[in-house]
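Trainee: Just so you know, the sequences run in chain order L and S. If you count the first sequence from 1, you need to add 960 to reach the numbering used here. If you count the second sequence from 1, you need to add 5 to reach the numbering used here.
Watch out, some of these pointers could steer you wrong.
Said to hold, decoys possible - Simulated crosslink set (EDC-like; lysine to aspartate or glutamate; CA at most 20 Å straight-line):
1) K1233(L) - E81(S)
2) K1204(L) - E1268(L)
3) K1241(L) - D1262(L)
4) K1204(L) - D1262(L)
5) K274(S) - E1155(L)
6) K92(S) - E81(S)
7) K1286(L) - D1222(L)
8) K1233(L) - D969(L)
9) K1233(L) - E204(S)
10) K274(S) - D1222(L)
11) K1032(L) - D969(L)
12) K1241(L) - D1035(L)
13) K1286(L) - E1268(L)
14) K1020(L) - E1042(L)
15) K274(S) - D1159(L)
16) K1233(L) - E283(S)
17) K274(S) - D1224(L)
18) K1204(L) - D1272(L)
19) K1260(L) - D1238(L)
20) K1097(L) - E283(S)
21) K1204(L) - E270(S)
22) K281(S) - D1159(L)
23) K1032(L) - E1043(L)
24) K1241(L) - E81(S)
25) K180(S) - D205(S)
26) K274(S) - D1035(L)
27) K968(L) - D1035(L)
28) K281(S) - E1155(L)
29) K1050(L) - D1139(L)
30) K1050(L) - E1163(L)
31) K968(L) - D990(L)
As the list claims (entries may be wrong) - Chain S residues, not near chain L, derived (Cβ > 10 Å throughout):
32) P30
33) R139
34) P151
35) D220
36) I266
Stated by the list, open to error - Ranges of calculated distance between the beta carbons of each label pair, as one might list FRET restraints:
37) E270(S) - D969(L): 31 to 41 Å
38) G282(S) - D1035(L): 45 to 55 Å
39) P1102(L) - R98(S): 44 to 54 Å
It should be emphasised that the hints constitute simulated quantities derived from the structure, not laboratory data. Backbone N, C-alpha and C fix where the C-beta goes; we use that ideal spot for every residue, glycine too.
What follows is the residue order along each chain.
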Amino acid sequence: MAPVLQVKDLHTEFFTDAGVVHAVDGVSFDLQPGETLGIVGESGCGKSVTALSILRLIQKPGRIVSGQILFKGSDIVTMTGEEVREIRGKDIAMIFQDPLSSLNPVLRVGFQIEEAMAAHQDISGKDVLQRAIELLKRVRIPAPESRVKDYPHQFSGGMRQRAMIAMGLANSPSILIADEPTTALDVTVQAQILELLRDLNTELGTSIVLITHNMGVVAGLCSRVLVMYAGRVVEEGPVEQIFKDPQHPYTWSLLRSIPRLDSDRHERLVSIKGIPPDLIKPPAGCRFNPRCQFRIERCKHDDPHLMEVGPDQQAACWVTMRQALKSDGDQRA
Amino acid sequence: METSVPDRVPLLRAEQVVKHFPIRPGVSVKAVDGVSFEIFPGETVGLVGESGCGKSTLGRVITRLLPITSGNVFFEGVDLTKLGAEKMRQYRRQLQMIFQDPYSSLDPRMTVGDIIAEPLVNFGLLDRRGKDKRVQELLRIVGLNPYFNNRYPHEFSGGQRQRIGIARALALQPKLIVADEPISALDVSIQAQIINLMEDLQQQFQLTYLFIAHDLSVVRHISNRVIVMYLGKIVEVADSVEIYRNPRHPYTKALLSAIPIPDPEIQSKRRVVALKGEIPSPVNPPSGCRFHTRCPIAQVPTPCAEVEPPLEDKARDHLAACHFSEKVPAAV
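Assemble the whole structure, with the sequences as input and the hints as a guide.
Mentor: Okay, structure coming up:
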């Protein structure tokens, strides 16, 4: 199947007084129709900037410097503003972390959903209202007929995020980008929102790009995952594969740095020493090398690119965990 | 686990702690509404619950950062709620706090050295030279360069700032540290650094922790015992292994089921226990069991909507406040 979205060697940079921040530095990936793709990484790794770049929402002093973003064959990077507006909210919709600040506090929730439809569709009056109610029902807001007239402050956090999703779905987009959609929510509410996204994906076939720092959220929702570090994709593959057999030391450490709910023994957490690098002057060689416990000499000067490390799995690492753990075992033996 | 040595003396004992915030005459937010628990020397007690359950308020009431509405808090047998300001100030040496936000909990205009030394100065403990030495020692203990004492908070990352906050809490060699969401503002790779540091410090200085957080997997990891709160009440108290294997309150069960496990194979087999509706307002909490409006196993009206279930022993060292705790399914 042809991918619905292809990102090719994307570079997005921010031109600040302190220097050029290489926020996204050569990111490439394909999104298949109906796929749920997770992009994980810590703050500043470039995951949100990648998402914003897809919709051309990068603001000054930032700019997409090079690369292609092909949506159904046409390049979003080179489109005119008018052409991008056609796609934005219609074919590709986005929801954000904080639903309270993404909703306009002085407009009724229903009106805001109707607005999203009116921007792209030629429907009016009663139909719009009916459709807004349907959408609220679809995202499982109770009593949608009366709720459609509420203002955002009358909604709870979870309901606001549902309303945002309703707005995102207003024009039946083929891609929904969700940037940390559950980070501001309590776990029980998070579980509900994730379930909703999962159902929308299976029922409507909407492709979902889920951006998150939470590995557990990815495990529950996504079929494929990209792990980002310092503006680069360091590992990519099917979710089962990446969680079972991570090959990049960053992915490996990240999975071992979080306590698991289901672990009975008290194991000391793997902590990744140091802090993520300054993206104005990223380290030479592999960007993770100053923090990597498995690095070899080559990592310090030779920049690794993504290489095949397993079935459909790629990692940008000269060592890879298979080698690292093997030589570890050799030393112990 | 050696949780039940019968005559162990608790370091801290909270009895029927109530904290109401009045909003207008006759109306108040019942943030903490009759909570009792004990913390024994050397243990880590985790306090979990979702936003608005009263966990942070409880942390602030037992350290007397907030005045108590009613109830008692005994620290080594002394009722802190009865102490005058100066007496209480003396007790603060034993009882320190670490805060969530490493940005707003450090004064941006003070050097790191002055921030860490402030408690020492406050109690007139050391002269200038002794103070500098102690600050450098504390910086080393928390894993920072001891010569950073002349720098300002903005020069540090979030994780480093949290280390500074920990150094400040350690300055007076306290017995109990109340840590309120100490890692939730930090990046994943940094969280493990702080958790490991707190574990090491506990060993090194025989500290007792009350670890307040919303993340039950983190709380289980660091704690010996876990207290679960819902809408101003304790619903369950148990050993941290036991609470996962065998939750006795339906809210705990729902909370456990909602936490994603970073393993796609396991995660795909788990079922989330759906809770009905939204969390009720703490201004006017539901009658009987406060959880009954959302509980999947509640029998309404009686007894759940009418009789408040007492927090009582359901198994050895395992307390829960539920009329039907035997009906809570075990494995997650």
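Trainee: For each hint, tell me whether it holds in the structure or not.
Mentor: Now for the hints, and whether the structure bears them out:
A C-alpha spacing of about 38 Å is found between K1233(L) and E81(S), which places the hinted pair above 20 Å, so the restraint is violated. Proposed proximity of K1204(L) and E1268(L) is supported: the alpha carbons are some 16 Å apart, at most 20 Å. This hinted pair checks out: K1241(L) and D1262(L) have alpha carbons roughly 16 Å apart, not beyond 20 Å. Taken as a hint, the K1204(L) and D1262(L) pair is broken in the structure, with Cα atoms around 28 Å apart against an allowance of 20 Å.
Using a Cα cut-off of 20 Å, the hinted pair K274(S) and E1155(L) holds, with the two alpha carbons roughly 13 Å apart. In summary, the hint linking K92(S) to E81(S) is supported, as the alpha carbons are separated by about 14 Å, within the 20 Å threshold. Straight-line distance between C-alpha atoms of K1286(L) and D1222(L) comes to about 27 Å, which puts the hinted pair past the 20 Å bound. A threshold of 20 Å between alpha carbons decides the hint, and for K1233(L) with D969(L) the separation of about 29 Å lies outside it, so the pair is violated.
The hinted pair formed by K1233(L) and E204(S) meets the criterion: a straight-line CA distance of about 16 Å does not exceed 20 Å. Of the pairs offered as hints, the one joining K274(S) and D1222(L) holds, with about 13 Å between alpha carbons and a cut-off of 20 Å not exceeded. Note on K1032(L) and D969(L): the hinted pairing holds, with a Cα-Cα distance of about 17 Å set against a maximum of 20 Å. Proposed proximity of K1241(L) and D1035(L) is contradicted: the alpha carbons are some 30 Å apart, above 20 Å.
Between K1286(L) and E1268(L) the CA atoms are separated by roughly 18 Å; this keeps the pair inside 20 Å, and the hint holds. Straight-line distance between C-alpha atoms of K1020(L) and E1042(L) comes to about 19 Å, which keeps the hinted pair within the 20 Å bound. As the CA atoms of K274(S) and D1159(L) are separated by approximately 16 Å, the hinted pair is consistent with the 20 Å bound. Restraint check: the Cα-Cα separation between K1233(L) and E283(S) comes to about 40 Å, which exceeds 20 Å; the hinted pair is violated.
Between the alpha carbons of K274(S) and D1224(L) the distance comes to roughly 19 Å, so the proposed pair stays at or under 20 Å and holds. Our distance criterion of 20 Å between C-alpha atoms is met by K1204(L) and D1272(L), whose separation comes to about 14 Å. Using a Cα cut-off of 20 Å, the hinted pair K1260(L) and D1238(L) holds, with the two alpha carbons roughly 16 Å apart. Distance check on the hinted pair: K1097(L) and E283(S) sit about 17 Å apart at the alpha-carbon level, within 20 Å; holds.
Between K1204(L) and E270(S) the alpha-carbon distance is near 9 Å, which keeps this suggested pair within the 20 Å criterion. Simply put, K281(S) and D1159(L) have alpha-carbon atoms about 18 Å apart, close enough for the 20 Å limit, and the pair holds. For the hint pairing K1032(L) with E1043(L), the CA-to-CA distance comes to about 13 Å; that is within 20 Å, so the pair holds. Restraint check: the Cα-Cα separation between K1241(L) and E81(S) comes to about 53 Å, which exceeds 20 Å; the hinted pair is violated.
Of the pairs offered as hints, the one joining K180(S) and D205(S) holds, with about 15 Å between alpha carbons and a cut-off of 20 Å not exceeded. A hinted pair counts as satisfied when its Cα atoms are at most 20 Å apart, and K274(S) with D1035(L) does not qualify at roughly 40 Å. A C-alpha spacing of about 10 Å is found between K968(L) and D1035(L), which places the hinted pair at or below 20 Å, so the restraint holds. Between K281(S) and E1155(L) the alpha-carbon distance is near 15 Å, which keeps this suggested pair within the 20 Å criterion.
The suggested pairing of K1050(L) with D1139(L) holds, with an alpha-carbon distance near 17 Å, which does not exceed 20 Å. Under the criterion of a C-alpha separation no larger than 20 Å, the hint pairing K1050(L) with E1163(L) is consistent with the structure, at around 18 Å. Pair hint K968(L) plus D990(L) holds up; C-alpha atoms about 8 Å apart against a cutoff of 20 Å. Listed as a non-interface residue, P30(S) keeps its Cβ farther than 10 Å from every Cβ of chain L; the least gap is roughly 25 Å.
Distance to chain L confirms R139(S) as a non-interface residue, since its nearest Cβ pair spans about 26 Å, more than 10 Å. A cut-off of 10 Å between C-beta atoms confirms that P151(S) is not in contact with chain L; the least separation is 18 Å. Separation of D220(S) from chain L is inadequate, the least Cβ-Cβ distance of about 8 Å not exceeding the 10 Å criterion. With 10 Å as the threshold on Cβ separation, the claim that I266(S) sits away from chain L is violated: the shortest Cβ distance comes to roughly 6 Å.
Between E270(S) and D969(L), the C-beta spacing of about 33 Å keeps the proposed range 31 to 41 Å intact. For the pair G282(S) and D1035(L), the beta carbons lie near 47 Å from each other, so the given range of 45 to 55 Å is met. A C-beta distance of roughly 52 Å is found between P1102(L) and R98(S), which places it inside the suggested range of 44 to 54 Å.
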